[in-house]
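Asks: Residue strings, one per chain:
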Amino acid sequence: MWQYQFMQHAFEAGTMIAIVAGIIGYFVVLRRSAFVAHAYSEIGFAGAAGGILVGIPPIYGMLLGSIFGGSSIAILSRRSTHRDVYIGIILAFALGLGLLFLSLYTGYATEAISILFGEILGIAWGDVINTALFSIVILVGITLLYRPLLFSSLDEEVAEAKGLPTLFIGVAFLLLVAVAVSIAIQVTGVLLIFSLMVTPAATAQHLAPRPSRAILISVLIALAVTWIGLFVSFYTPYPASFFITCMAFVLYVLVRVFHHKIRAPGEQKGWRERISTLSRNQSSRAVSANALGRPAALRFKYKDCRPSGGGPGPFCIRVPSGLSLAGADRTRKVGNICEACSLRTPSGPR
Amino acid sequence: MNVAENRIFTQKAEPVLVEAQNLTAGYPGRTVWREANFTIRKGEFVAIIGPNAAGKTTLFRLLLGMMRPLGGSIKLFGSEPKRGSPRIGYVPQQHIIDDESHIESMEIVRLALSGRKWGFSLFANDDRKAAISALEGVGAADLARQPLAELSGGELQRIFLAEALVSNPDLLLLDEPLSNLDMRRERELLRLVNDVVRTRDVAALLIAHNINPLMPYLDKVIYIANGKVASGKPDEVLTSERLSALYEIPVEVMRDSRGNLAIIGIEGHHRDE
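Chains as they are written, first to last, in our numbering: chain R, 1 to 350; chain E, 1001 to 1273.
In case anyone wonders, no lab produced these hints; they're calculated from the structure.
Errors might be hidden in some of the hints.
[Claimed, not checked] Pairwise CB distance ranges (calculated):
(1) D1182(E) with A132(R): 55 to 61 angstroms
(2) T1199(E) with I89(R): 53 to 59 angstroms
(3) S1079(E) with L100(R): 54 to 60 angstroms
(4) I1096(E) with W227(R): 34 to 40 angstroms
(5) G88(R) with R1198(E): 51 to 57 angstroms
(6) S1079(E) with W227(R): 54 to 60 angstroms
Built from N, CA and C at the ideal position, the CB exists for glycine as well.
Just chain E, with the same shape it has in the complex:
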């Protein structure tokens, strides 16, 4: 265990949700990244950042049980990840929303709760109540009756967040929820995710390209690039020394006058895939 994680351990003794040891991920014949070590505890807001195709979504696929590790081990809630865990809420990067479909937003949230059950439910009032309260939790109760196809990008992300939250998960996996939002919507969504993390004591893993808008909220960052993974508190991980040592190439972490970070030197060395 490294220094950063020891410190988190002494600060709060929340139960460990995810524990990776020497974890190597990839597909047969192609390793995406190797020997990652990190833990994620209950109630932590964690950003996963790194260049395109560095293997950020791969980590989610491991956690969702849709992929097996190539080496090392990953423990989720104390055991190997299995597909379909109700304790995970997942917002994938791509949702294909049919713009001809007039299905109300509430339906997708409701189905996230009961869609795994076979059969038909004629009076799904309990589902509906749960869906409405999940939508209220993300400030989207007034969108419940509106067709999905008519919502804006920011509104859709709130519906998807409600969809992920409706089963009361302990771990939220958000794959690039900020990618189609302008800066204001981005801030609003992050504030909302942060509220959810703090009030529900759920851990959130959020994949993003740019760490700067996330900085005020983060407990931890997992930086994936060049086949390697760095993790810990943002201020400790994202330093020129740490990253240069990890990647064995000169990496420069710059800060501008407002405290915005820029990581220089890694993306250029990124393998072509």
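Looking at chain R on its own, in the form it has when it is part of the complex:
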């Protein structure tokens, strides 16, 4: 596989794009800007189609298009609650333009297909260099913006009161998204951009509560799906972007399902603590049965608990006994101890 130069280029560009998309994607998800990212990619499509028409490389056309579209969206919709309406208006217009450019262009239709759905195996050495340059720009930009961007994404009101230029941060971030989108399109195409820019980050934020770790996981997921997608598509007749989208999706679904299983309703701790609770629980159950020796009939059994080896029920929670709980948490302490799993049960709705 490695003897082919196009595979080397695909892996080089794919790796850089996965890293960038994984990082930018985290903030896209955090700021609920997924629609913006999608709009950029379609505006970028118009730019690329225009680029092909006038004979400049599609990547520059895409960059021009998405930066132009990006700044107009950022300025039009500043703090508007109707942001999605503005985005939709610009997006529809851009797509129309793109269609016109394509119909004016008399060359091969495969160029258009590769913009729409990605053609990573067709990446040339020049594209790799461009991707590297743009990736460096994005990484430097995100590194500089990191803390103010995180703060203004999490708590815009306080960030603004503390004197952060939240509008500037928002516009700067959208420009970085525009650049990231225009390089990521090479891998996934316009229509599948979410598979690298949104899905890995959305999966990662379910796995790690700390932003730096979530970003790391997001990058690792993006890298893994890109590499495996490339590898599989080399040996099969199907496109890499299909495998990338597919794996990212399956991973997301698995994490969501798995996540709900281990984080039962009412359970507030992370999954690690939950698991350690479960194992500790087995021994405490034995102790309470033998040492206390109370008749089982007098002990409380929570109705939703599954006693026969099925583990604690969804409403049984563990409350650390030595911890002093102030105020609002006290309600959780007064629950009964469940006979079946010897965890506490909350005494009513929170």
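Mind docking chain E on chain R? Use the hints.
Replies: Just chain E now, kept in the frame of chain R:
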């Protein structure tokens, strides 16, 4: 200076944090309230009450430097309010918390300390320590690792209080922190704010709709209604005579058998906006 403020002055000579003289606030073409005179000293617990849209949050915007006075002057720590003062801790009325976001609570507190710095910090252990100790200060250390989206209203308010306190401010601005809490949580939060005010010697301005749960703790009240501002000790300001004289309409301050106050006559005359 009026009688009430003279008395406070003689009781404790704490430094003045906020001083308003003939302060008029509003937006070009629309005055919200005019000619307010008040001072706030270090370590005072002050309630700002009044009907909806009377301009309570406007006062906060002036103090945060996000708005300029239309007339008169407001001095904060001896100079004009500027945006981004680290000596102010602010809890806005609305926090938009994404219920899909799984970011741990500690992060928002940590960022309140270091979020203004550009760049990336790989090992933010000092920030984290400061965030944990701010959370401990409000009895929320056990919430540090929990996702914001999973906290209850009362728990969230404690996180926001920690967020406001983490930079060790001299002045706390709390915009309707009680609005989504039931009576028990309301009492708990007020007790907590009072503890913070007394132990840290920080002044707190708290916007509320109902003054009654606050009465046991207050040093001062700023009553904003009908474009006018009354301020002073609660017992002296909230009397039928004082308010009737200020608003030039009959205002009745009633007390029930438990000492709960009800102010009648102003809200009905409130301008429609």
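Asks: None of the hints should be skipped; say for each whether it holds.
Replies: Tested hints:
1. For D1182(E) and A132(R), the Cβ-Cβ distance of about 57 angstroms falls inside the hinted range of 55 to 61 angstroms, so the restraint holds.
2. Under the hint 53 to 59 angstroms, the C-beta atoms of T1199(E) and I89(R), about 54 angstroms apart, fit the expected range.
3. Between S1079(E) and L100(R) the Cβ separation comes to about 59 angstroms, which falls inside the hinted range of 54 to 60 angstroms.
4. For I1096(E) and W227(R), the hinted distance range of 34 to 40 angstroms is satisfied, since their beta carbons lie about 37 angstroms from each other.
5. For G88(R) and R1198(E), the Cβ-Cβ distance of about 53 angstroms falls inside the hinted range of 51 to 57 angstroms, so the restraint holds.
6. Between S1079(E) and W227(R) the beta carbon distance is about 58 angstroms. The supplied range of 54 to 60 angstroms therefore holds.
Violation of the numbered hints given earlier is absent; every hint is satisfied by the structure.
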